[in-house]
Amino acid sequence: MNARVVVLAAGVALLAGVPLAATLAGQPYYIDLIRRVMVFAIAAASLNLILGYGGLVSFGHAAYLGVGGYAVGIFAFYGVHNGWLQWSVAIAASALVALVIGAISVRTRGIYFIMITLAFTQMLYFLAVSLEEYGGDDGMRLKVKSQFSGLIDLDNPVAFYYLVLVLLLGVVYLVHRLVNSRFGLVLRAAKSNEARSRAVGFSPYAYRLVAFVIAGAICGLAGALLANHTAYIAPAFMEWTRSGEIMFMVILGGMGTAPGPALGAFALLLVEDLLAGWTQHWQVILGPLLIMSVLFFRRGLAGLLPRGGDDG
Amino acid sequence: MAEAILEVRGLRKSFGALAATDGVNLDLREGETHAIIGPNGAGKTTLISQLAGNLRPDGGSIFFAGEDVTRLSAPQRAQRGFARSFQITSVYRDFSALDNVALAVQAHAGHSFRFWRPARAERALRDPARAVLEEVGLAARAGVLAANLAHGEQRQLEVAMALATRPRLLLLDEPVAGMGQEESQRMVRFLAGLKGRRSILLVEHDMDAVFTLADRISVLVYGRIIASGAPAEVRANPEVRRAYLGEEA
Numbered sequence: 001m002n003a004r005v006v007v008l009a010a011g012v013a014l015l016a017g018v019p020l021a022a023t024l025a026g027q028p029y030y031i032d033l034i035r036r037v038m039v040f041a042i043a044a045a046s047l048n049l050i051l052g053y054g055g056l057v058s059f060g061h062a063a064y065l066g067v068g069g070y071a072v073g074i075f076a077f078y079g080v081h082n083g084w085l086q087w088s089v090a091i092a093a094s095a096l097v098a099l100v101i102g103a104i105s106v107r108t109r110g111i112y113f114i115m116i117t118l119a120f121t122q123m124l125y126f127l128a129v130s131l132e133e134y135g136g137d138d139g140m141r142l143k144v145k146s147q148f149s150g151l152i153d154l155d156n157p158v159a160f161y162y163l164v165l166v167l168l169l170g171v172v173y174l175v176h177r178l179v180n181s182r183f184g185l186v187l188r189a190a191k192s193n194e195a196r197s198r199a200v201g202f203s204p205y206a207y208r209l210v211a212f213v214i215a216g217a218i219c220g221l222a223g224a225l226l227a228n229h230t231a232y233i234a235p236a237f238m239e240w241t242r243s244g245e246i247m248f249m250v251i252l253g254g255m256g257t258a259p260g261p262a263l264g265a266f267a268l269l270l271v272e273d274l275l276a277g278w279t280q281h282w283q284v285i286l287g288p289l290l291i292m293s294v295l296f297f298r299r300g301l302a303g304l305l306p307r308g309g310d311d312g
Numbered sequence: 001m002a003e004a005i006l007e008v009r010g011l012r013k014s015f016g017a018l019a020a021t022d023g024v025n026l027d028l029r030e031g032e033t034h035a036i037i038g039p040n041g042a043g044k045t046t047l048i049s050q051l052a053g054n055l056r057p058d059g060g061s062i063f064f065a066g067e068d069v070t071r072l073s074a075p076q077r078a079q080r081g082f083a084r085s086f087q088i089t090s091v092y093r094d095f096s097a098l099d100n101v102a103l104a105v106q107a108h109a110g111h112s113f114r115f116w117r118p119a120r121a122e123r124a125l126r127d128p129a130r131a132v133l134e135e136v137g138l139a140a141r142a143g144v145l146a147a148n149l150a151h152g153e154q155r156q157l158e159v160a161m162a163l164a165t166r167p168r169l170l171l172l173d174e175p176v177a178g179m180g181q182e183e184s185q186r187m188v189r190f191l192a193g194l195k196g197r198r199s200i201l202l203v204e205h206d207m208d209a210v211f212t213l214a215d216r217i218s219v220l221v222y223g224r225i226i227a228s229g230a231p232a233e234v235r236a237n238p239e240v241r242r243a244y245l246g247e248e249a
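Protein sequences, first through last, are from chains G and B.
Quick note on numbering: the first sequence equals residues 1 to 312 in my numbering.
Quick note on numbering: the second sequence equals residues 1 to 249 in my numbering.
Mixed in with the good hints, there may be bad ones.
Unchecked claim - Selected chain G positions facing chain B (in silico; Cβ < 7 Å): (1) GLY135; (2) ARG141; (3) VAL144; (4) GLN147; (5) HIS176; (6) ARG177; (7) LEU178; (8) ARG182; (9) PHE183; (10) LEU185; (11) ALA189; (12) SER192; (13) ASN193; (14) ARG196; (15) PHE202.
Stated by the list, open to error - Taking beta-carbon pairs under 7 Å as the criterion, some of the chain G residues facing chain B (in silico): (16) VAL186; (17) ALA199; (18) GLY201.
These are calculated hints, taken from the structure and not from any lab test.
Small disclaimer: the values here were computed from a predicted structure and weren't measured.
Just so you know, even glycine gets a beta-carbon here, dropped at the ideal spot from N, CA and C.
The whole structure should be built from the sequences, with the hints applied where relevant.
Right under this line is the structure:
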């Protein structure tokens, strides 16, 4: 085992200990906070697949948080609380939306790609605002959380916490396998040098599109989790600033690294929480901090970890 | 005479008023090394880009092993056996030398929609890649990041990637450009070793390399081929001497 693995294992152990520590300290708020961070870490890990490894600067990734969240919310609105069904549809619908957005946007590069992904997400945002039945601008409450045949109770904060932790680890592992497979190497090679890829015989489009769909599907799962976490679904899930935040987590944590997105999610949301506790003008402090972090940690927070692994 | 593996008929490409390729006819026989020479701005890179499929010609056709490939994309041509090296070295800089060649092998090992097994542990990709690195003399540098290879080594790596695709046609755009004397001689010796086994279309400025390697030479000036033939014939051609070789001497 190399030093990097030891550090990451320690991090996982730390996360596993949060509910116990929070309960002992009489601060259950932290279970809630870290659970929220981990949901965003899943979203960031999915964006990392296309942004970090694929070089696709999607500025609309929050769309899938919305699609996943509304899938859960709309089922619940009609009295369908089966979590297996809700979450499967959340993932499938997100994949489908990603397929449509990706089929059009992945053909473009640079600023065009950024603008098209942003535009599609804005369309979905305003679609949600226009759905009066589901609360329009205000969104709707999730009165009953997703039910999993009595297997796990999401109303139990600790059980829900561990579910999110397990899913986060699963997603990080899945992305790790993907990016080191033949598929992942084609994706990364096309980011590294597209002309070379084409000359050697790869057509990058199909691989990029599939990666885009997988990323959307995973983020749809994060959306289903977020809906249950906040017990609320609103168009704000899909606000463009939300897309920016997820992107920032990936960049801050370290693009194209396995632990980067989670590190970025923790750093951003915990600092945000800390500053918000001090002053209501916390954004004035956070902004410069973010700029400095990008200037000083070129390779992201993951670059501070001991070297190791072949995903760097 | 062996049959032509590549046939170019009446190829035309203009950029505005400039005819960069002006009715080029060209053929390459199986196993032959055919060099295209010409002064700067003659349209050599434009020609090779059209052959490789990176640039769409305005008119004319390109036949490869009897098939019309004029409308095929670069990846489609690569799948049929085209391999290209670029005038400006083009490798995957943030991958190791071995990764670079293994990717070239992978590109010709069926589709890559394989999502789970670590590709770097696949002997079906790594073993042939190692063999090609050995062949071009880069075996000792297999683990080095391509960006950290010397310029000459990167050019060798590019040739290794081309060979790893087991190409039927090599398009080499100035393979010894920017190389030192010694590196360049090593590359020429290596390419000479491929002669007869590979069909090579070579664009090159270095006349020593051209006259060492080419079975046939075509001279491109302002988008037209003004002479074509065995090296001795081309060297003796007065028009060529005036247009090109004279300036070089």
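Proposed interface contact between VAL186/G and chain B, which counts if any beta carbon pair is under 7 Å:
Nearest chain B Cβ about 5 Å off; hint holds.
Evaluation of the interface hint that places ARG196/G against chain B, nearest CB under 7 Å
Hint on ARG196/G: holds, closest Cβ of chain B at ~5 Å, below 7 Å.
Restraint check, 7 Å cut-off on beta carbons, for HIS176/G near chain B
Not OK, violated: HIS176/G not within 7 Å of chain B, min 10 Å.
Identify whether the interface hint at LEU185/G stands, where standing means a beta carbon of chain B within less than 7 Å of its own.
holds (5 Å)
Status of the hint placing LEU178/G at chain B (closest C-beta pair under 7 Å)
holds (6 Å)
Grab the minimum C-beta distance from ARG182/G to chain B and call the hint holds if it beats 7 Å, violated otherwise.
holds (4 Å)
Checking hints one by one. Is GLY135/G an interface residue toward chain B, by the C-beta closer than 7 Å rule?
violated (38 Å)
For the hint on ASN193/G, just tell me whether its beta-carbon gets within less than 7 Å of chain B.
holds (5 Å)
Less than 7 Å between beta-carbons is the criterion; does PHE183/G satisfy it with respect to chain B?
holds (5 Å)
Under 7 Å is the threshold here; is the Cβ of SER192/G close enough to any Cβ of chain B for the hint to stand?
Check passed: Cβ of SER192/G comes within 4 Å of chain B, closer than 7 Å.
Given ALA199/G as an interface hint, is its Cβ closer than 7 Å to any Cβ of chain B?
holds (5 Å)
Hint validity - GLY201/G Cβ closer than 7 Å to any chain B Cβ
holds (3 Å)
Of the hints listed earlier, those the structure fails to meet are numbers 1, 2, 3, 4, 5, in rising order.
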